[in-house]
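Spelled out from the first residue to the last, the chains are:
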Amino acid sequence: MEPVIETKGLKHVYIDSDNNPVTALDGIDLQIMSGEFVAVIGANGSGKSTLARHFNALLLPSEGSVNVHGLDTLDENNLWQIRQDTGMVFQNPDNQIVAAVVEEDVAFGPENIGVPTEELKQRVEDALRAVDMLDYREHAPHLLSGGQKQRVAIAGTLALGSRCIVLDEPTAMLDPKGRKEILSTVRKLNREQHITVVYITHFMTEAMQADRVIVMGDGRIKFQGTPRDVFSRVEELEKLGLEAPLAAKFAFELRKSGVKLPQGIITNEELAEALAGTFCA
Amino acid sequence: MSIKLEHVSYTYMPGTPYEKEALKDVSLEIHKGEFVAVIGHTGSGKSTLVQNLNGLLHPAKGTASLDGVDLSGKTKEAKLARGRIGMVFQYPEHQLFAETVYEDVAFGPRNLGLSADEVETRVRDAMKFVGLDFETYVQRSPFSLSGGQMRRAAIAGVVAMNPDYLILDEPSAGLDPGSRDAVFAEIMALYKKRGIGIIMVTHSMEEAAKYAKRMLVVYKGEVILDGKPGEIFLKEKNHLLEAGMDIPEVYKLADALRAKGLRLPYEITDAKRLLAEVKRRKGLK
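Chains as they are written, first to last, in our numbering: chain G, 1 to 281; chain W, 1001 to 1285.
Some hints here could point you the wrong way.
[What the hints assert, rightly or not] Straight-line alpha carbon distances no greater than 20 Å define the calculated EDC-like cross-link-like pairs of lysine to aspartate or glutamate that follow:
#1 W:LYS1272 x W:GLU1242
#2 W:LYS1128 x W:ASP1164
#3 G:LYS260 x W:GLU1277
#4 W:LYS1282 x G:GLU76
#5 G:LYS11 x G:GLU104
#6 G:LYS180 x W:GLU1242
#7 G:LYS177 x W:GLU1206
#8 G:LYS249 x W:ASP1270
#9 W:LYS1252 x G:GLU76
[Unchecked claim] The following label-pair restraints were derived from C-beta to C-beta distances:
#10 G:ALA99 x W:THR1121: 43 to 53 Å
#11 W:GLU1222 x G:LEU58: 39 to 49 Å
#12 G:GLU269 x W:LEU1234: 16 to 26 Å
#13 G:GLU119 x W:GLU1029: 58 to 68 Å
#14 G:MET33 x W:GLY1195: 18 to 28 Å
Hints are computed from structural coordinates only; laboratory data are not their basis. Every residue, glycine too, gets a C-beta built ideally from N, C-alpha and C.
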């Protein structure tokens, strides 16, 4: 299978406001496969947002390379294609909306690349349906909830034809209901339309839904694996300023006290199941 | 000492087609020394509520007052009263503006007309409070700090005003768990040492449960629930879910354990106690 995104020895160095060079990414080798749902977690300053910005050539490597659908981001001729292939959704929903009507906002991207009117209409309709916002097509975006605005932003990338979506903390500013909306939308797009998803988050409960979790620290990939592998490593996560899910922390503490529990417990239900019937009165 | 809202209503863009009644007849009192969490979905009216609490917005109907002084007044007294209620907005690091951390933190105290010595004392105290070493950071550009440090510098600017009440709008949004705990450690120190009143808007049920003594649930412009977070999360679960809110993870874990036959007292609301109870029931110390 072809990787959608491939980085080799990716380094990113920038000069901070005190004129010191800062290495934000320090040798990242990574492949993201077509149809994968990858979560990226890491403390503030670990390099995860910088990494995301390399995935659609918003940033360019200081050393090493990034290929998106086989196209090198350092080749300027590839930029338009790369940015169509990989859509980005950012943290603040209010900073991403450009139009006064939802469907015009979604049409903004494809219109700019010259999609013919009939096809444009179809793309916008399909995109809004995919994020369950078709009923709001004629609404004013600023009156929508945070979760709805973020879904409109996702629709914008779909209408552009993106088969890979990179979301940088898309739920950081949302209420609990909005968070659930975004996560279920992303999962649905991944499962039903096989959209490749790179999902950066501080919410471990969200990262648990991914196929693979990448843990960043100090500009490097510290470790990665299935959510079960990653979130069982309670102590290592805490050292990186991250937090394991509550059930994993409980399992860790109980094991330390001598309770025999199967490895890889990360959800409340798994913990309850493992403990079922073993309690004394 | 208290901030008091009496029958406060607030309408955005009255008399236009976009007219929206954001607060409907809200009455409540918050005392100095309280730690109050305000939760509610986007658009529920919680931001409008807190902006009425510190005089940034003035009620369309009803009154907002601090110790009997109307916060919407134009008198010197009203201005001083508003100055006693500090506000840390969402993403406060976006409001940093000065060339050095010192200049940024000193901006507020200087505007109060304090002497240079007093300003420096305020800056030193405020930086100490938020855990930014004075010598290391004072001459640095605030924009060269990490995300968590920038947020602390911005909070220092409000702390330097010595407010009696502090309103925080989602103080942990976008922070990793480590930075989040660090910011809360400072907020709790401020709360305990200075005995100020804290009003915190949050989307995190965990934070409301962990830090607040009182919780207001705002829904469609009204305060529909007002009480201890523990009691509200236990008794009003369905009500909260309907209002687009959630319950903290520890309540969910306790529910899952109960479903598998662990009899747990209902008042268990924090992770440490739940873990201790599970260990006890496993016959461990």
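Hints versus structure:
Taking the CA atoms of LYS1272 (chain W) and GLU1242 (chain W), the gap is about 29 Å. The hint is violated against a cut of 20 Å. Under the criterion of a C-alpha separation no larger than 20 Å, the hint pairing LYS1128 (chain W) with ASP1164 (chain W) is consistent with the structure, at around 18 Å. Only pairs whose Cα atoms come within 20 Å are accepted, and LYS260 (chain G) paired with GLU1277 (chain W) is accepted, the gap being roughly 17 Å. The straight-line distance between the Cα atoms of LYS1282 (chain W) and GLU76 (chain G) is roughly 63 Å, outside the 20 Å bound, and the hint therefore fails.
The hinted pair formed by LYS11 (chain G) and GLU104 (chain G) fails the criterion: a straight-line CA distance of about 38 Å is larger than 20 Å. Distance hint between LYS180 (chain G) and GLU1242 (chain W) is fulfilled; the C-alpha atoms sit about 14 Å from each other, no more than 20 Å. Between LYS177 (chain G) and GLU1206 (chain W), the direct Cα distance comes to roughly 15 Å. Compliance with the 20 Å bound is thereby established for this hinted pair. Taken as a hint, the LYS249 (chain G) and ASP1270 (chain W) pair is honoured in the structure, with Cα atoms around 14 Å apart against an allowance of 20 Å.
At roughly 51 Å between alpha-carbon atoms, LYS1252 (chain W) and GLU76 (chain G) are farther apart than 20 Å, so this suggested pair is violated. Taking 43 to 53 Å as the suggested C-beta distance range, the pair ALA99 (chain G) and THR1121 (chain W) conforms, at roughly 51 Å. The hinted window of 39 to 49 Å between GLU1222 (chain W) and LEU58 (chain G) holds, with their beta carbons roughly 43 Å apart. Between GLU269 (chain G) and LEU1234 (chain W) the C-beta distance comes to about 20 Å, which sits within the given range of 16 to 26 Å.
Taken as a hint, the range 58 to 68 Å holds for the pair GLU119 (chain G) and GLU1029 (chain W), whose Cβ atoms sit roughly 60 Å apart. Taking the beta carbon of each, MET33 (chain G) and GLY1195 (chain W) are about 56 Å apart, not inside 18 to 28 Å as hinted.
Checked against the numbered hints listed earlier, the structure breaks hints 1, 4, 5, 9, 14; every other hint is satisfied.
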